[in-house]
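Just so you know, the sequence shown maps onto residues 81 to 159 in my numbering.
Take these hints with a grain of salt, some might be off.
Said to hold, decoys possible - If you anchor each label on the Cβ, the simulated ranges turn out as follows:
1) Gly93 to Glu129: 34 to 40 angstroms
2) Gly116 to Thr142: 19 to 25 angstroms
3) Asp148 to Tyr125: 18 to 24 angstroms
4) Pro144 to Met81: 25 to 31 angstroms
5) Lys156 to Gly93: 34 to 40 angstroms
6) Ile103 to Leu152: 15 to 21 angstroms
7) Gly159 to Glu138: 31 to 37 angstroms
8) Val105 to Thr154: 23 to 29 angstroms
No wet-lab data here; the hints were simulated from the structure. Note that the structure is predicted; figures quoted are calculated from it, not measured. We put the beta carbon where it would ideally sit given N, CA and C, even for glycine.
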Amino acid sequence: MQTIFIQVKCELGKAYVVADEAIDVEGVSEVYSTSGNYDLMMKCYLQDEEDIGHFVNESIQTLPGVRDTFTLITFKAFG
81 MQTIFIQVKC
91 ELGKAYVVAD
101 EAIDVEGVSE
111 VYSTSGNYDL
121 MMKCYLQDEE
131 DIGHFVNESI
141 QTLPGVRDTF
151 TLITFKAFG
């Protein structure tokens, strides 16, 4: 299982709409509103054989209201 975090910049006024749509995407576990340069952070679990780039490109960047993304790939969870 691969764990990734995706930070998302949304069109103005669209963060809640994007969050509501994203939580229904298979692989998206949690969606948080955040302060800073990005509006949302998504925690995603993907199968080991699933292509991360394809998932982000096809499942997240195509959501209405998404302007930009930044993906973090994790190595090991502690605790």
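Status of each hint after checking the structure:
1. Gly93 to Glu129: 34 to 40 angstroms: Given a distance of about 37 angstroms, which is inside 34 to 40 angstroms, the answer is holds.
2. Gly116 to Thr142: 19 to 25 angstroms: About 24 angstroms separates the Cβ atoms of glycine 116 and threonine 142, which means 19 to 25 angstroms holds.
3. Asp148 to Tyr125: 18 to 24 angstroms: holds, 22 angstroms
4. Pro144 to Met81: 25 to 31 angstroms: Taking Cβ atoms as reference, proline 144 and methionine 81 lie about 28 angstroms apart, which means the hint holds.
5. Lys156 to Gly93: 34 to 40 angstroms: Taking Cβ atoms as reference, lysine 156 and glycine 93 lie about 38 angstroms apart, which means the hint holds.
6. Ile103 to Leu152: 15 to 21 angstroms: Given range 15 to 21 angstroms: holds, Cβ gap about 19 angstroms.
7. Gly159 to Glu138: 31 to 37 angstroms: holds, 32 angstroms
8. Val105 to Thr154: 23 to 29 angstroms: Violated, at about 18 angstroms.
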